[in-house]
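Could you build the full structure based on these sequences and the hints that come with them?
Number of protein chains: 2
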Amino acid sequence: MKINRNYLRLEDSYLFASIAQKVGEYKAAHPEKDVIRLGIGDVTLPLGAPVVEALGRAVKEMGEAETFRGYGDYEGYAFLRKAIVGYYGEKNVRVDESEVFVSEGAKSDIANILDLFDADNKVLIPDPVYPVYVDTNVMAGREILYMNGHEGNRFLPMPDADTQGDIIYICSPNNPTGAVYSKAQLKAWVDYANERGAVILFDAAYEAFVNDPELPTSIYQIEGAATCAVEICSFSKTAGFTGVRCGYTVVPHALIREGAELNSLWLRRQSTKFNGVSYITQRGAEAVFSQAGRQWVREAVGYYMENARIIADAMEELGVWYCGGKNSPYIWLKCPKAMSSWEYFDYLLNGVNVVGTPGEGFGKNGAGFFRLTAFGDVNQVKEAVRRIKEKN
Amino acid sequence: MKINRNYLRLEDSYLFASIAQKVGEYKAAHPEKDVIRLGIGDVTLPLGAPVVEALGRAVKEMGEAETFRGYGDYEGYAFLRKAIVGYYGEKNVRVDESEVFVSEGAKSDIANILDLFDADNKVLIPDPVYPVYVDTNVMAGREILYMNGHEGNRFLPMPDADTQGDIIYICSPNNPTGAVYSKAQLKAWVDYANERGAVILFDAAYEAFVNDPELPTSIYQIEGAATCAVEICSFSKTAGFTGVRCGYTVVPHALIREGAELNSLWLRRQSTKFNGVSYITQRGAEAVFSQAGRQWVREAVGYYMENARIIADAMEELGVWYCGGKNSPYIWLKCPKAMSSWEYFDYLLNGVNVVGTPGEGFGKNGAGFFRLTAFGDVNQVKEAVRRIKEKN
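Protein chains in written order, with the numbering used here: chain A, 1 to 392; chain B, 1001 to 1392.
Keep in mind that the hints were calculated from the coordinates and are not lab data.
Please note that a few of the clues may not be correct.
Claimed, not checked - Quick look at which bits of chain A chain B covers, simulated, 3 or more residues with Cβ under 8 Å:
1. 37-47
2. 53-59
3. 70-83
4. 102-113
5. 116-122
6. 273-287
7. 359-370
Said to hold, decoys possible - Label-pair distances were calculated between CB atoms; the ranges are:
8. A:VAL378 <-> B:PHE1016: 50 to 56 Å
9. A:VAL35 <-> B:ALA1292: 38 to 44 Å
10. A:SER98 <-> B:LYS1022: 22 to 28 Å
11. A:SER264 <-> B:GLU1299: 41 to 47 Å
12. B:THR1067 <-> A:ALA17: 24 to 30 Å
13. B:ALA1188 <-> A:LYS2: 22 to 28 Å
14. B:LEU1145 <-> A:ASN148: 30 to 36 Å
Unchecked claim - Once the Cα atoms are required to be at most 27 Å apart in a straight line, the calculated DSS-like pairs of lysine-lysine come out as:
15. B:LYS1382 <-> A:LYS187
16. A:LYS122 <-> B:LYS1183
17. B:LYS1334 <-> B:LYS1022
18. B:LYS1187 <-> A:LYS2
19. B:LYS1091 <-> B:LYS1183
For each residue, glycine too, the CB sits at the ideal point set by N, CA and C.
Next up, the structure:
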């Protein structure tokens, strides 16, 4: 018996454990202090009424013999895939129902889609970025090449003609930097991928936060993307589904490598290793696309984006370099006074009782940077910002 | 870009597509006929009231700011893991909460657990069996050795000292044969695995159908299993969760290979590639273990087992060789008059308008055998049996 020894090469992530420990120690020493958390990537608003009603109706259906549903389609119910196709239509993107796969979350899809590719592929991953891209490829033993994000490119690395990547991760709006690629920038990536036969894995989990109509919310808004890109999307941040679990992945029929349609491979993967998403959840997800659901999403996103604006305005006022915060729920800032990420973490925690996330948790280029999120309560965000400005 | 070429080595499964086509053609030609399906592996009873109530309460909680829950634990909420530990306690099995991992279904776990093992392991798979074991290992390029099930061993193959298996699949009660290993037989497998450092993947999806108190319902009822076995279980057939999606996997801390705790590797796998199960679903699963939930499960299992008894009695009466049907919802019979699986399929469909599943869909040793399931409506089962006996 041989274990998968790639697992032993994974770096332990102490980031969130270290944060929890530092916050715990501080609170134990200062029980009277009101510590505000602006570090979380989780949503705080409850589910919207249209979703709650749809979930409740589906629960009732499951309790009656006439309306009970057992195994569903591996790729998701047609009613939900149709709604997703409609959503793409509003973005002027034509997607066929058979190209849409519903799952219990974008994270699973991001990890599981790698099953379609040989271990012998070079992977291009931005630094800094969501750590799951790196870890899932280490687990498979793939070689990873990093694309450097930095102040100079506003954390939007562009293709390097001298680097051959086979699998390319693009996260836009980016987690943690909040940076969003323009159409012209994405076009350069699509051209690079098509020229080299690479595949782009486009993580669009934060697409609903893009407000600027000039910025792309789907890679399929870029000409040529259907022959090189898979797009992965989520209901988590848009509709508050972090605890409900639903996402979807688009794999165009036009995306062919070594003579095989990736769509067919993914269908085979999902039908062999997955048994579909809860009917109840899928009815909830369908309601996200109803008129009332869309209205609720607009309000929820608006609420979080007002938080983002408050934080971003404070950074402007303080003269702190930052990106994100405008078409993204994340504000990525350069630690003032040349502090390291952890020095700034301690400065905020001890000085003003605000918790954020040190940038180096997202890659080496995150050193000296810091992530604040807009997913908190607006009054807490205002109070946190007041304290940060006052302390300055 | 290299795709995973192992996918191209997968055999296309036409079994259920062929069945659907034949049934469709028959119904088109004979629209007046009442075709009864005894081929499905899906449940037909709706969810029980205790589960429906728990799901409904959880939906309401998710709609209120005070009780909303975002991301949960990767390994499942403590309330559910505690209930599962209690269920094992009733089987006289001691499992720690940290050894229990909740997932959105046993099928996913059966597939995903393979991520912990190198491609260079030999896999022992019974024939006939649930086809997912074979396909998931073909996808990873592993060498597969088959353990032959046949009339002689009543489809319960035993270890062969001359065969070195590294990963061993045991499904008991077996799908499709309904055969259940005795404690002595499982002990032989546990000893074989411990002696050779192999790992048993024990699929216990049908454990709730075991009625005979002498038969094991968990591999951990066998001494030594904690150092060699992972157990995978499901709420699908027990509590009617095929459309709700929830299962769980037990990975004992004592299970160590090449110096690594498989429990740690699995936690790392799940925390990296998975984001937990819906809070709503987990509250529903918790209710399965309540007093009312347990009572409902007993009644549902009793209902299906009455169907199984009706079918098994008919086979006895007709002098047809079969196994299963007593501690399992599956009846696995030898096609009468030396018919092939498909000949018997046609005979039943055309002759008495009953649909079952040809055994060869589960492996080459299934040729000449046939699966009937107990998951139908009791009146339909009675009618099907009446027709089969009459036609004889």
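These are the hints, each one checked on the structure:
{"no.": "1", "hint": "37-47", "verdict": "holds (count 6)"}
{"no.": "2", "hint": "53-59", "verdict": "holds (count 3)"}
{"no.": "3", "hint": "70-83", "verdict": "holds (count 3)"}
{"no.": "4", "hint": "102-113", "verdict": "holds (count 6)"}
{"no.": "5", "hint": "116-122", "verdict": "holds (count 5)"}
{"no.": "6", "hint": "273-287", "verdict": "holds (count 9)"}
{"no.": "7", "hint": "359-370", "verdict": "violated (count 0)"}
{"no.": "8", "hint": "A:VAL378 <-> B:PHE1016: 50 to 56 Å", "verdict": "holds, 52 Å"}
{"no.": "9", "hint": "A:VAL35 <-> B:ALA1292: 38 to 44 Å", "verdict": "holds, 42 Å"}
{"no.": "10", "hint": "A:SER98 <-> B:LYS1022: 22 to 28 Å", "verdict": "holds, 24 Å"}
{"no.": "11", "hint": "A:SER264 <-> B:GLU1299: 41 to 47 Å", "verdict": "holds, 43 Å"}
{"no.": "12", "hint": "B:THR1067 <-> A:ALA17: 24 to 30 Å", "verdict": "holds, 27 Å"}
{"no.": "13", "hint": "B:ALA1188 <-> A:LYS2: 22 to 28 Å", "verdict": "holds, 24 Å"}
{"no.": "14", "hint": "B:LEU1145 <-> A:ASN148: 30 to 36 Å", "verdict": "violated, 48 Å"}
{"no.": "15", "hint": "B:LYS1382 <-> A:LYS187", "verdict": "violated, 64 Å"}
{"no.": "16", "hint": "A:LYS122 <-> B:LYS1183", "verdict": "violated, 49 Å"}
{"no.": "17", "hint": "B:LYS1334 <-> B:LYS1022", "verdict": "holds, 21 Å"}
{"no.": "18", "hint": "B:LYS1187 <-> A:LYS2", "verdict": "holds, 23 Å"}
{"no.": "19", "hint": "B:LYS1091 <-> B:LYS1183", "verdict": "holds, 13 Å"}
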